[in-house]
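Enquirer: This is what each chain is made of:
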Amino acid sequence: MITKTRPGRYGEFGGQYLPETLMPAVAELEAAWLEARADAEFQAELARVLRDWVGRPTPLTDAPRLATAVGLARVLLKREDLAHTGAHKINSAVGQALLAKRMGKRRIVAETGAGQHGVASAAACALLGLECVVYMGSVDVRRQQANVFRMKLLGAEVREVDAGSRTLKDAVNEAIRDWVTNVRTTYYLLGSAIGPHPYPAIVRDFQAVIGREAREQTLAMVDGLPDVVVACVGGGSNAIGIFSAFLDDESVKLVGVEAGGEGIASGKHAASIVGGTVGILHGSRTLVLQDDQGQIRETHSVSAGLDYPGVGPEHAALAQAGRVRYVARTDREALDAFALLSRSEGIIPALEPAHAIAELPAIAREGAEQTVLVCLSGRGDKDLEIVMREGPFR
Amino acid sequence: MTISTALTGSARIARAFARARDANRLAIAVYLTVGYPDRAATAGLLRAALDGGADVLELGVPFSDPLADGATVQRASETALRQGVGLADCLAEASTIVRERDATVLLMGYANPFFRHRGGLAGFATDAAQAGVAGIIVPDLPSEESAEFDSALDPEVVTRIDLYAPTTPDARLARLVPRARGFIYCVSLTGVTGARRGLGADVAEFVARVRRHTSLPIAVGFGISAPEHVASLRGVADAVIVGSAALDAVSAAPADGRPDALRGFVAALAAAGRA
Numbered sequence: 001m002i003t004k005t006r007p008g009r010y011g012e013f014g015g016q017y018l019p020e021t022l023m024p025a026v027a028e029l030e031a032a033w034l035e036a037r038a039d040a041e042f043q044a045e046l047a048r049v050l051r052d053w054v055g056r057p058t059p060l061t062d063a064p065r066l067a068t069a070v071g072l073a074r075v076l077l078k079r080e081d082l083a084h085t086g087a088h089k090i091n092s093a094v095g096q097a098l099l100a101k102r103m104g105k106r107r108i109v110a111e112t113g114a115g116q117h118g119v120a121s122a123a124a125c126a127l128l129g130l131e132c133v134v135y136m137g138s139v140d141v142r143r144q145q146a147n148v149f150r151m152k153l154l155g156a157e158v159r160e161v162d163a164g165s166r167t168l169k170d171a172v173n174e175a176i177r178d179w180v181t182n183v184r185t186t187y188y189l190l191g192s193a194i195g196p197h198p199y200p201a202i203v204r205d206f207q208a209v210i211g212r213e214a215r216e217q218t219l220a221m222v223d224g225l226p227d228v229v230v231a232c233v234g235g236g237s238n239a240i241g242i243f244s245a246f247l248d249d250e251s252v253k254l255v256g257v258e259a260g261g262e263g264i265a266s267g268k269h270a271a272s273i274v275g276g277t278v279g280i281l282h283g284s285r286t287l288v289l290q291d292d293q294g295q296i297r298e299t300h301s302v303s304a305g306l307d308y309p310g311v312g313p314e315h316a317a318l319a320q321a322g323r324v325r326y327v328a329r330t331d332r333e334a335l336d337a338f339a340l341l342s343r344s345e346g347i348i349p350a351l352e353p354a355h356a357i358a359e360l361p362a363i364a365r366e367g368a369e370q371t372v373l374v375c376l377s378g379r380g381d382k383d384l385e386i387v388m389r390e391g392p393f394r
Numbered sequence: 395m396t397i398s399t400a401l402t403g404s405a406r407i408a409r410a411f412a413r414a415r416d417a418n419r420l421a422i423a424v425y426l427t428v429g430y431p432d433r434a435a436t437a438g439l440l441r442a443a444l445d446g447g448a449d450v451l452e453l454g455v456p457f458s459d460p461l462a463d464g465a466t467v468q469r470a471s472e473t474a475l476r477q478g479v480g481l482a483d484c485l486a487e488a489s490t491i492v493r494e495r496d497a498t499v500l501l502m503g504y505a506n507p508f509f510r511h512r513g514g515l516a517g518f519a520t521d522a523a524q525a526g527v528a529g530i531i532v533p534d535l536p537s538e539e540s541a542e543f544d545s546a547l548d549p550e551v552v553t554r555i556d557l558y559a560p561t562t563p564d565a566r567l568a569r570l571v572p573r574a575r576g577f578i579y580c581v582s583l584t585g586v587t588g589a590r591r592g593l594g595a596d597v598a599e600f601v602a603r604v605r606r607h608t609s610l611p612i613a614v615g616f617g618i619s620a621p622e623h624v625a626s627l628r629g630v631a632d633a634v635i636v637g638s639a640a641l642d643a644v645s646a647a648p649a650d651g652r653p654d655a656l657r658g659f660v661a662a663l664a665a666a667g668r669a
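In order, the protein sequences belong to chains D and V.
Counting in the working numbering, the first sequence runs from 1 upward without gaps.
Counting in the working numbering, the second sequence runs from 395 upward without gaps.
Hints listed in this document are in silico derivations from the structure and should not be mistaken for laboratory results.
Please note: incorrect hints may appear among the correct ones.
Between beta-carbon pairs, the in silico distance windows are [what the hints assert, rightly or not]:
hint, chain 1, residue 1, chain 2, residue 2, range
1, V, ASP432, D, TRP53, 52 to 62 angstroms
2, D, TRP53, V, ARG512, 45 to 55 angstroms
3, V, PRO648, D, ARG102, 39 to 49 angstroms
4, V, ALA625, D, ARG184, 41 to 51 angstroms
5, V, ALA541, D, GLU35, 38 to 48 angstroms
6, V, ALA486, D, ARG184, 37 to 47 angstroms
7, V, ALA598, D, ARG102, 48 to 58 angstroms
A virtual CB, placed ideally from N, CA and C, is assigned to each residue, including glycine.
Model the full assembly from the supplied sequences, consistent with the hints where possible.
Expert: See below:
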């Protein structure tokens with residue numbers, strides 16, 4: 001399906017478009033990761049932390065009132081919102097922090113958009129006694145104050161990035177600059193399935209626990225596979241995590257939902273697959289939002305976690321191969337879905353997975369009898385201020 | 395003076411380094427972001443750098459996400475981008491100064507705008523050759539990813555310059571440096587571009603590690619900002635590359651004094667590079 005032309009490539013996508021200074025570091029990282037994933041002791045330690053500290057396995061919740069509301073036979077929610085720190089980000093953060101410690105790196109740098117990866121990284125570093133510096137765009141710092149405070153409580157230093165669009169993209173740039181400067185002592189704990197090889201593969205590896213659990217739980221709950229699996233896609237870490245368990249199940253349709261912002265036609269969106277072209281961003285060849293001169297465009301989404309002009313290279317390849325269908329849902333549709341899930345099931349989702357919920361009526365129109373598995377990647381506490389401001393509860 | 399735009403890129407680079415070597419001095423390469431501080435200023439600043447004694451001009455191609463650059467080049471890029479300056483403008487500026495001064499001009503920029511040039515990399519190769527661009531430096535294109543560039547660009551016509559860093563292990567140097575063309579760009583430190591107070595303590599040792607694998611000239615860049623940095627590299631390297639500090643010299647001067655300020659700054663560096 002996806003041709004691995006060479007290590008770190010997904011078809012034409014992926015690669016390592018990095019300064020030479022970092023090339024030995026990514027080679028060292030790849031070697032350490034391959035060694036760790038084959039090491040039973042490392043895997044046992046990871047499993048113990050995921051169970052006792054993260055709270056895994058996360059439940060699978062049957063959502064009959066939501067299903068009725070959207071016109072589907074059955075909707076199952078994979079509850080990553082119930083993982084420690086409130087989102088799936090913790091799976092990869094704690095996995096990579098364990099890897100960093102194993103590599104002898106005592107200092108962690110991370111980027112964050114909505115703040116969920118920053119909080120997860122800060123928590124993992126506190127757990128393992130590592131120094132943690134989180135870069136965050138100044139626009140995001142303003143719209144995610146509570147998470148900034150959480151990171152500080154957890155002992156991390158939050159560095160505001162006042163360059164470019166002052167959001168996630170620029171936080172990644174600044175984290176890479178820190179990494180290039182302090183590469184001998186510092187581990188870059190990248191939060192999404194983006195960036196240079198081996199990051200997309202490492203993040204997928206640590207997030208694949210979502211899909212493994214969800215597949216097993218779905219089989220137990222409905223005595224079969226889901227017809228459709230849906231997840232939101234910014235960089236795409238929760239999506240690749242849940243999709244990874246179903247890629248070989250030909251009967252299972254996979255749908256990734258990008259941030260449509262104010263609509264694709266408006267140009268104010270963050271849908272890199274639906275509205276992007278092939279380019280190079282943050283070390284990887286992938287689908288990006290750019291102008292005709294190859295300058296990366298500013299993006300817009302009500303959800304800070306999806307507000308990114310690129311996407312993980314494996315998603316770009318899965319889109320090209322037609323294995324996963326990628327669509328976009330607007331800010332308004334996500335806000336409506338946010339309200340719908342809150343009222344129908346008593347679950348307040350983050351705005352990111354609200355985009356996935358927003359796709360359910362369209363899936364119902366293709367077949368009301370379907371069972372749909374949704375990755376509920378995080379909880380909505382961080383978004384309350386935005387939702388109070390933007391509706392639909394005004 | 396006859397202007398030889400027919401001279402190939404590799405010949406032009408070789409000539410620039412040979413002139414400096416024959417005069418027993420360090421060659422000086424000056425980096426300027428095209429379109430900084432404004433579009434109209436670039437041609438005058440390039441002339442001023444040559445008048446100050448620059449042997450090689452590096453024209454910085456603005457990019458929205460310059461992840462190997464420090465604050466100075468980031469700001470210069472943002473300023474240039476706000477005026478809509480892109481790779482096509484850089485090629486036009488290169489063409490002008492090559493024809494006017496027979497200069498040795500390199501373009502330095504991130505991979506994406508080259509890929510996205512009209513006609514792709516092949517289109518860029520044609521346009522760069524026509525402009526008389528001698529070479530390109532792409533800081534986010536390690537050898538692992540350089541194949542597409544190398545098949546699109548004839549290294550005799552437009553030479554792609556390799557960068558190496560203090561973190562590059564000996565085995566990697568031994569494998570890659572012998573294949574390098576034009577000259578070797580040694581990054582003086584682990585970090586991003588930007589003026590520094592002092593040079594890394596291990597620059598000489600790093601340059602020596604690279605020198606073992608090549609007879610090409612070696613240029614040292616990143617962090618070089620003062621005549622004493624240049625003087626300390628005499629007998630170590632063959633050339634120095636100055637970027638952020640040149641931009642700082644430009645931005646510190648009053649608007650009508652920028653070319654003079656840059657010429658003076660480059661002249662001081664060039665003097666420090668002589669015996």
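Enquirer: Look at each hint and say if it fits the structure.
Expert: Quick rundown of the hints versus the structure:
1. V:ASP432 <-> D:TRP53: 52 to 62 angstroms: 55 angstroms, holds
2. D:TRP53 <-> V:ARG512: 45 to 55 angstroms: Holds, at about 53 angstroms.
3. V:PRO648 <-> D:ARG102: 39 to 49 angstroms: Since V:PRO648 and D:ARG102 have Cβ atoms about 56 angstroms apart, the given range 39 to 49 angstroms is violated.
4. V:ALA625 <-> D:ARG184: 41 to 51 angstroms: 28 angstroms, violated
5. V:ALA541 <-> D:GLU35: 38 to 48 angstroms: Given a distance of about 28 angstroms, which is not inside 38 to 48 angstroms, the answer is violated.
6. V:ALA486 <-> D:ARG184: 37 to 47 angstroms: 41 angstroms, holds
7. V:ALA598 <-> D:ARG102: 48 to 58 angstroms: With a Cβ separation near 35 angstroms, V:ALA598 and D:ARG102 fall outside 48 to 58 angstroms, so the hint is violated.
Going down the numbered hints, you'll see the structure goes against 3, 4, 5, 7, while the others check out.
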